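If you read the protein sequences in the order shown, they are chains A and B.
Numbering-wise (our numbering), the first sequence opens with residue 1 and increments by one.
Numbering-wise (our numbering), the second sequence opens with residue 1001 and increments by one.
Note that these hints are calculated values from the structure, not bench results.
All of these numbers come straight from a predicted model, not from anything done at the bench.
Some clues are possibly wrong.
[To be verified] Here are some chain B residues pointing at chain A (derived, C-beta under 10 Å):
hint: 1; residue: K1002
hint: 2; residue: L1007
hint: 3; residue: G1042
hint: 4; residue: V1043
hint: 5; residue: K1052
hint: 6; residue: S1096
hint: 7; residue: S1100
hint: 8; residue: V1254
hint: 9; residue: T1256
Note that CB positions come from ideal geometry on N, CA and C, so glycine has one too.
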Amino acid sequence: MGARNADSSAKGSRSKLITLKINGQKTTVTVPVRRTLVDLLRDNLRMTGTKRGCDEGTCGSCTVLLGSRPVYSCMLLAVNADGQDITTIEGVFQNQEALALGRAFASTYASQCGYCTPGFIMSAYALLRQNPDPSERDVRFALSGNLCRCTGYSKIVGAVLATAQGLKEGQSR
Amino acid sequence: MKGFTYLEAASAKEAVDILEELKGQAKILAGGIDLLYLMKKGVGPKYLVDIKGIKEMSSIMVDGDVLRIGALATLSDIASSSDVRRELSMLSDAASRVASPQIRNVATVGGNLLQNVWCWYLRNGYPCWRNEGRGCPAASGENSTYFSIFGGRFCVAAQPSDLAPVLVACDASAMIVGPKGTRAQHLQSLLSGSAAEDGKGPPPTFASNELLYEIEVPRLKKGTRTAFCKASVRESWDFALASVSVAACFEGGVVTDARIVLGGVSTYPYRAVEAEEAIIGKQLGKETIKSASRLGVVKAKPLQMNSYKVMLTEGLIYKALTSIADDQATGRS
């Protein structure tokens, strides 16, 4: 905790050394305190799968998992991810649910321009990990923080439901 | 985003010491959703004091007669807490409908209560009363959505928190840590301080060297029924055009005590006292509900573009009271 000042004489810092576990890999980096997590991922670590869209916590294209929970990486200072597990679109396909989601998105045209797709995959993956048998309402609720301006959402919701169904059948076989 | 200096506090006392030393130049960083949004628009403090490391501030627990919710508990924590679901289901309902999953996973109850108003003039940098300027462009401008129907002297933007009216309906208090120790203040008065009522700046009752530590909610008395109803343009990811939170206590089928608090329609959580009086001492029949709903908006003074919210609010009160009456009739808990 380099920035902590135990004597509370308020000096503070403008940058900080942080350690993140990104997709299972430990990464130690010094960041300016005002850098958001999406900027760290894209601009410093060159992991450009996570998209920067609105950059104000609305569109969801920058969604990553903090632990098991989806968050907007544009609304999180990188220093606040210190010590945490981060999963991005680059690492999520190590999991079969995500891989199945990716295939379903591709084969059912749930991705058009593609800019929102990584964010949708992350939110949908977080949902399926938590609830393997979601209703359509559950899916729409879980994806409500992601915007798509191409598909009209029906294909995306359909892809997630089809993935859940496919995984369920795969398991019972 | 403008540059700033970053400090971390390991305890509430340390946070208050830092705030005291920096004399109004620092802001508390918790979830950061509202704060980072404003900072990206160029509105920002010189110093941020990060309190996320204060672990005890994220706990939710039942403690004797009260439910304690740490100011750092996230909206997801509240929505998924079995204690909150059992003790105060309308708070779970309200928390699970705030914004989007990604925001609920980060945004805290403290930030939700103390967030700045979502007036699009302010959020786009207009120099109004709240932004080092004068006047209120929304009072005579585009005021059809998140604005008051119950007046406002300097600012007409509605208090945006969905949790605030729920908590006020339960008579919750804020525990506030300051240089001289901890004090309790009813959330109602914290969010309805004279300046908040006028809509000009943060309530004076909450000083720049104080920290919102936790919310203390008295456990509901036996026989109390609650309901939360919210109307918004989108079903999710939207602020309330209007919301109604009701806590009504029954004895032998008769309402003995009630709080009806409106959100999204006033510059502070608005207690619809006339509606409360209209149901106390009565059984919740259809006619009683109808007249109470009408009385709930009897003091409305809508702006040029939001008179529809008067009817909307009346309808929501009707819906909330009817749901309570149904629960009472069927004995559902």
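Hint-by-hint comparison with the structure:
Nearest Cβ of chain A to the Cβ of K1002 (chain B): about 8 Å, under the 10 Å cut. The hint holds. Of the supplied interface hints, the one on L1007 (chain B) holds, with its beta-carbon coming within about 4 Å of a beta-carbon of chain A, less than 10 Å. A hinted interface residue such as G1042 (chain B) counts as satisfied when its beta carbon comes closer than 10 Å to some beta carbon of chain A; here the least separation is about 13 Å, so the hint is violated. The interface hint given for V1043 (chain B) is broken, as the beta carbon of that residue sits about 13 Å from the closest beta carbon of chain A, more than 10 Å.
Below 10 Å, beta-carbon pairs count as interface contacts, and K1052 (chain B) has one with chain A at about 6 Å; its hint therefore holds. Hint status for S1096 (chain B) relative to chain A: holds, with the closest Cβ pair at about 9 Å, below 10 Å. Taking 10 Å as the C-beta contact cut-off toward chain A, the hint placing S1100 (chain B) at the interface holds, the least distance being around 3 Å. Contact between V1254 (chain B) and chain A, as hinted, is not supported at the beta carbon level, the nearest pair being about 37 Å apart and thus beyond 10 Å.
Because the smallest distance between the Cβ of T1256 (chain B) and any Cβ of chain A comes to about 37 Å, over 10 Å, the interface hint for this residue is violated.
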